[in-house]
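K.L.:
Listed below are the residues making up each chain.
Number of protein chains: 2
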Amino acid sequence: MKIASLDYDEYLARVQTFHGTLAPGLIIGGFMVDAAMKNLPPGDFFDAISETAICLPDAIQMLTPCSIGNRWLKIFDYGKFAITLYEKYGGQGIRVYVDPARLEQWPEIKNWFMKLAPKNEQDTEKLLDEIKRAGSSIVGMHSVQVKHEHLKKKKMGPSGICPVCGEAYPLRDGDTCRPCRGDIPYESTGSNSGGA
Amino acid sequence: MKIASLDYDEYLARVQTFHGTLAPGLIIGGFMVDAAMKNLPPGDFFDAISETAICLPDAIQMLTPCSIGNRWLKIFDYGKFAITLYEKYGGQGIRVYVDPARLEQWPEIKNWFMKLAPKNEQDTEKLLDEIKRAGSSIVGMHSVQVKHEHLKKKKMGPSGICPVCGEAYPLRDGDTCRPCRGDIPYESTGSNSGGA
Numbered sequence: 129m130k131i132a133s134l135d136y137d138e139y140l141a142r143v144q145t146f147h148g149t150l151a152p153g154l155i156i157g158g159f160m161v162d163a164a165m166k167n168l169p170p171g172d173f174f175d176a177i178s179e180t181a182i183c184l185p186d187a188i189q190m191l192t193p194c195s196i197g198n199r200w201l202k203i204f205d206y207g208k209f210a211i212t213l214y215e216k217y218g219g220q221g222i223r224v225y226v227d228p229a230r231l232e233q234w235p236e237i238k239n240w241f242m243k244l245a246p247k248n249e250q251d252t253e254k255l256l257d258e259i260k261r262a263g264s265s266i267v268g269m270h271s272v273q274v275k276h277e278h279l280k281k282k283k284m285g286p287s288g289i290c291p292v293c294g295e296a297y298p299l300r301d302g303d304t305c306r307p308c309r310g311d312i313p314y315e316s317t318g319s320n321s322g323g324a
Numbered sequence: 129m130k131i132a133s134l135d136y137d138e139y140l141a142r143v144q145t146f147h148g149t150l151a152p153g154l155i156i157g158g159f160m161v162d163a164a165m166k167n168l169p170p171g172d173f174f175d176a177i178s179e180t181a182i183c184l185p186d187a188i189q190m191l192t193p194c195s196i197g198n199r200w201l202k203i204f205d206y207g208k209f210a211i212t213l214y215e216k217y218g219g220q221g222i223r224v225y226v227d228p229a230r231l232e233q234w235p236e237i238k239n240w241f242m243k244l245a246p247k248n249e250q251d252t253e254k255l256l257d258e259i260k261r262a263g264s265s266i267v268g269m270h271s272v273q274v275k276h277e278h279l280k281k282k283k284m285g286p287s288g289i290c291p292v293c294g295e296a297y298p299l300r301d302g303d304t305c306r307p308c309r310g311d312i313p314y315e316s317t318g319s320n321s322g323g324a
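As they're listed, the protein sequences go chains A and B.
Just so we're aligned, residue 129 is where the first sequence starts under our numbering, counting upward by one.
Just so we're aligned, residue 129 is where the second sequence starts under our numbering, counting upward by one.
Keep in mind the hints are simulated off the structure, nothing from the lab.
Do not take every clue at face value.
To be verified - Okay, derived cross-link-like pairs now, BS3-like style, lysine-lysine, Cα gap no bigger than 27 Å in a straight line:
hint, chain 1, residue 1, chain 2, residue 2
1, B, K281, A, K247
2, B, K216, B, K202
3, A, K280, B, K243
4, A, K243, B, K216
5, B, K280, A, K243
6, A, K243, A, K254
7, A, K216, B, K243
8, A, K247, B, K282
9, A, K243, B, K283
10, B, K282, A, K202
11, A, K243, B, K281
12, A, K238, B, K283
13, B, K280, B, K202
14, A, K247, B, K280
15, A, K283, B, K243
16, B, K254, A, K283
17, B, K130, B, K260
18, A, K243, B, K282
19, A, K282, A, K202
20, A, K282, B, K202
21, A, K260, A, K130
22, B, K202, A, K283
23, A, K238, B, K281
24, B, K275, B, K202
25, B, K130, B, K238
26, B, K238, A, K283
27, B, K275, B, K216
28, A, K238, B, K282
29, B, K283, A, K202
30, B, K254, B, K130
31, A, K247, B, K216
Go ahead and model the full structure; you've got the sequences and the hints to work with.
P.N.:
Okay, structure coming up:
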C-alpha cells in the first residue's frame, strides 16, 4: 500500500515529523492527494486548493511541490474536507472529497469525521485501523474548472518604507503599512535590536 | 554557518526540495527563523506568525514544528517581511523583520528587497552571495505580546451534511455549505465517481 511514492508507514513517519502528531485527517488527506494524483487531467504543472485550513494543506505540502510559501497551494477555508489539483494555466482539475455516504461501513471514521462522539469516547486504534483499510474508498471525486480569476498570480506591486515603523510594505496599502493602522495581532513590548 | 540545526548548504538543498526554487526570500527567511529561535522568551511550546504569505511561511514550516495544517503557524498577509515566534499559551514572543536601514551596505539585497531594479536586471549570483555574507545582520527584532484573542484556538463546532452537495460542512455556516451558496473558486465539469 502506497501513498504517492511513499510506503504507508513511511508516510505516517513523515506526518509525525512535519505535522507533529499522527492526525487522522492527515492520513486520510494522504489517500486523497494520492487519488487526485492518479486522476489528473493532462498537463505538466499542477496547483492545489484546500477547502479547509486544517490538516489537508499539510498533506498537499508533503506530497506535491505545492506549498503555501510558493503560492502553488491556496486555502479557501470553508471547513470542507476537500482538495483540488488543477493544471495551473488552464484550470482543468480534479476535486477529491470525503463522501459521507461512503462512511456507513466505517463506524469509527464516521464517528470521527461527523463528530458524532466526543473525542475521549473515540477509539483511536480502531479509527487508524479503519482509515488504513478504507484507503481511498471513502472519497468521491469530480472534474472541475477553476475560475479564471484564481489562475492569475496576484502581484504585490511596488514597495515603500512605512513612515511609522520604518519597515518595507506594499504601497498599494496606502500611506502606512496595515499593522501601523492598527490591524495587528500583537503589541510591542521591547525596544529594537539587531541580528548577529 | 548554520541555519537552525542545518548547515547552510543543507538548508539550501531543503529549500530547493520543499519550495521548488532557491528563492532569495526563503534563504533570508532561514536566517530570520534562526535569529528568532536564538532569542526566544522562556517557554516550551512556540507558535508562529508570518506577516506575508510569500516565502516566509515555508521557512517557518521547514525549520520549526509549526505548519499551516496543524495551525501552529498563522498568516496575516500584510505583505510585510516579518515573522513572530511566541509562547503559545502566554503570547510572549520575538518579532524579526528585515530592516531597510541595515541594507545600505548590501546593494543587491536592497535592489531585490525594495524592488528597485526589474528582475531581469538583478544579479542573482551576487544577490545570493550577499545574502550568505549578510546572514542575520540585516534583521531587526523586538519583543512582542501577542493579543489574547489570537491565542485561543478557534473550534469549528458541529458538522452536518449539506443538503445541496451532500458533503460535510460546519453547521455554523448556515443551512448549506459556503461553496453551495456561490462562494466557490471552480465549476464542476464532470460527474461524481469514487476512489479505489
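K.L.:
Could you work out which of the previously given hints the structure breaks and list their numbers from low to high?
P.N.:
The structure conflicts with no hint, since it agrees with every one listed earlier.
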